[in-house]
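A.B. asks: The listed protein sequences correspond, in order, to chains A and B. The numbers in numbering that gives the first Met the number 0 rise by one with no breaks, and the one at position 177 of the first sequence is 176. The numbers in numbering that gives the first Met the number 0 rise by one with no breaks, and the one at position 140 of the second sequence is 139.
Please keep in mind that the hints were generated in silico from the structure rather than gathered at the bench. Note that beta-carbon positions come from the ideal geometry of N, C-alpha and C, so glycine has one too. You may find that some hints are simply not true.
Keeping only pairs whose Cα atoms sit at most 16 Å apart, straight-line, the calculated EDC-like set for lysine to aspartate or glutamate is [to be verified]:
(1) LYS170/B / GLU101/A
(2) LYS91/A / ASP52/A
(3) LYS24/B / GLU164/A
(4) LYS22/A / GLU262/A
(5) LYS148/B / GLU262/A
(6) LYS24/B / ASP188/A
(7) LYS181/A / GLU215/A
(8) LYS10/B / ASP93/A
(9) LYS136/A / ASP270/A
(10) LYS172/B / ASP93/A
(11) LYS148/B / ASP270/A
(12) LYS165/B / GLU101/A
(13) LYS1/A / ASP71/A
(14) LYS162/B / ASP37/A
From the derived model, a few chain A residues whose C-beta atoms are all more than 12 Å from chain B [said to hold, decoys possible]:
(15) ASN29
(16) ALA113
(17) ASP179
(18) ASP204
(19) LEU240
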Amino acid sequence: MKVSYYPGCSLHATGKEYDQSMKAVSRALNIELKEVDDWSCCGASSAHSTNFDLSIALSARNLINAEKDSMDVMVPCAACFNRFKMAEHHLKADKDLKAKIEGVVGAKYQGGIAIRNPIDIIYNEIGIDALSAKVVKPLAGLKPVSYYGCLLLRPPEVCEFENYENPFMLDKMMGAIGTDVKNWSYKTDCCGGSLSISKTAIVVDMCDKLMSAAREAGANCVVTACPLCMANLDMRPSSGLKLPVFYFTELISLAMGLDGSKETFKSHMFDPQPLLGQLQLI
Amino acid sequence: METFLEEVNKKIHGVPLQACYHCRKCTAGCPTASHMEYNPNKVIKMIQNGQRDKVLNSSTIWLCLSCETCITRCPNQVDIARMMDVLRQMAIESGVGAREKNILKFHQAFLAGIKRGGRINEPMMMAQYKLMSGDLFSDVTIAPGMFLKGKLSLLSPRTKDMKSVKNIFEKTKNI
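With the sequences and hints as input, model every part of the structure.
C.D. replies: What follows is the structure, encoded as structure tokens:
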């Protein structure tokens, strides 16, 4: 299949491991990616916290650019995904707002393409069986908890994510690549998101709580699909509580034995290589 | 004259806040409630009681992370996350400003970054936040490691059609 691809700002910087592994996994699963032309930032928390119209217009500019390619748009960053879905929701529900935002952006919004996250695309379009068929090295010994966070799931009528209070798609994928996924009750808790820089102490508390819960569940690592969750969980927990954190695509890439799959582990702030080495996975 | 409650309801543009029967599910699920001066449902009660200044001056509205757990679990579909956005915007527009000054300064530095290059360049945005907030020394031990690992770069591709991005800021009158 072929989809539009909106990397967003994080995937070109702090979340570059997500971009690299996403591209490698997509290639291996025959998902062709076409980057959205001349994209700009979605506006993230800062736009919607301070100016509603700005938040919708910044996302709408990108949706309108993506519509030119007439394909579903894949949005790996959970924050960008959430802002796009939110903009789509408001633009479809409110004709006056749509007319106003089209005036601001200077182009028409059709609303004809689906905004999709890669978990949904891999799980529903490629499927668990096809995924496990491509595994050359099951990741035995790796015991992740899957962490979905907030922005892929909520609000449910906007994000349309399956089983939003107890999601399972990531868990199933991690099972398909040979990991021993642990169950826990913090799949959809918040990591502290955008307060990481302006209110660091609160975020440290929140990340410590998550890491403690992951350890209690018997996990030796955490799997995420969000660059904000990754940044916070990789950097903010207190030193005695840290666990390696992976993008789900990094682990899929490793299990499929894809070229360059070991490279992205080098840029994590909390080094996952000792754990992977000990388990003879790298 | 419009009451504070009517004003907020109009801006939320959804289920009116009167629908809240204070079951406290929003507060129970809120990840930052323990850091807030008023719990989320208490804010609704204060709006119902017309306590405009207290609400707009509170740290609570800035500590909301927009994780959307409250609206997801509210039995009456009261959109508390949207309410928090509306209250932050009212605090800015009315000149009350932000009780949590650095949180607003972070948002302003972030938006200035978009206005400058269309996309966020994280080191530039961080430098601007530090200058605006005076918080010069936080994370100084983390940043060099991030540069070495190639996670921070001063040079990153920008949006080419910057006119269209600047227009959006102009036309939505960003503060």
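A.B. asks: Run the distance test for LYS148/B versus GLU262/A: straight-line Cα separation, threshold 16 Å.
C.D. replies: holds (11 Å)
A.B. asks: Can you confirm whether the C-alpha distance between LYS136/A and ASP270/A stays at or below 16 Å?
C.D. replies: violated (21 Å)
A.B. asks: Confirm or reject the statement that ASN29/A sits farther than 12 Å, beta carbon to beta carbon, from all of chain B.
C.D. replies: holds (27 Å)
A.B. asks: LYS22/A and GLU262/A: Cα distance at most 16 Å?
C.D. replies: holds (14 Å)
A.B. asks: Between the alpha carbons of LYS162/B and ASP37/A, is the straight-line distance 16 Å or under?
C.D. replies: Roughly 12 Å between the alpha carbons, so the hint for LYS162/B and ASP37/A holds.
A.B. asks: Is LEU240/A truly not at the interface, in the sense that its beta carbon sits beyond 12 Å from all beta carbons of chain B?
C.D. replies: Label holds. Min Cβ-Cβ 17 Å, cutoff 12 Å.
A.B. asks: Do the alpha carbons of LYS170/B and GLU101/A lie within 16 Å of each other, as the hint requires?
C.D. replies: holds (11 Å)
A.B. asks: Within a Cα-Cα threshold of 16 Å, do LYS172/B and ASP93/A meet the stated pairing?
C.D. replies: With a Cα-Cα distance of about 21 Å, the restraint between LYS172/B and ASP93/A is violated, given a limit of 16 Å.
A.B. asks: Quickly compare the C-alpha distance for LYS10/B and ASP93/A to 16 Å and report which way the hint goes.
C.D. replies: Cα-Cα ~13 Å, so holds.
A.B. asks: Could you check that no beta carbon of chain B comes within 12 Å of the beta carbon of ASP204/A?
C.D. replies: It is violated; ASP204/A is separated from chain B by about 8 Å at its closest Cβ, not greater than 12 Å.
A.B. asks: Between LYS181/A and GLU215/A, is the straight-line Cα distance small enough, at 16 Å or below?
C.D. replies: holds (10 Å)
A.B. asks: Is the Cβ of ALA113/A more than 12 Å away from each Cβ in chain B?
C.D. replies: Given that every Cβ of chain B is farther than 12 Å from that of ALA113/A, nearest at about 21 Å, it holds.
Checked against the numbered hints above, the structure breaks hints 9, 10, 18 and satisfies the rest.
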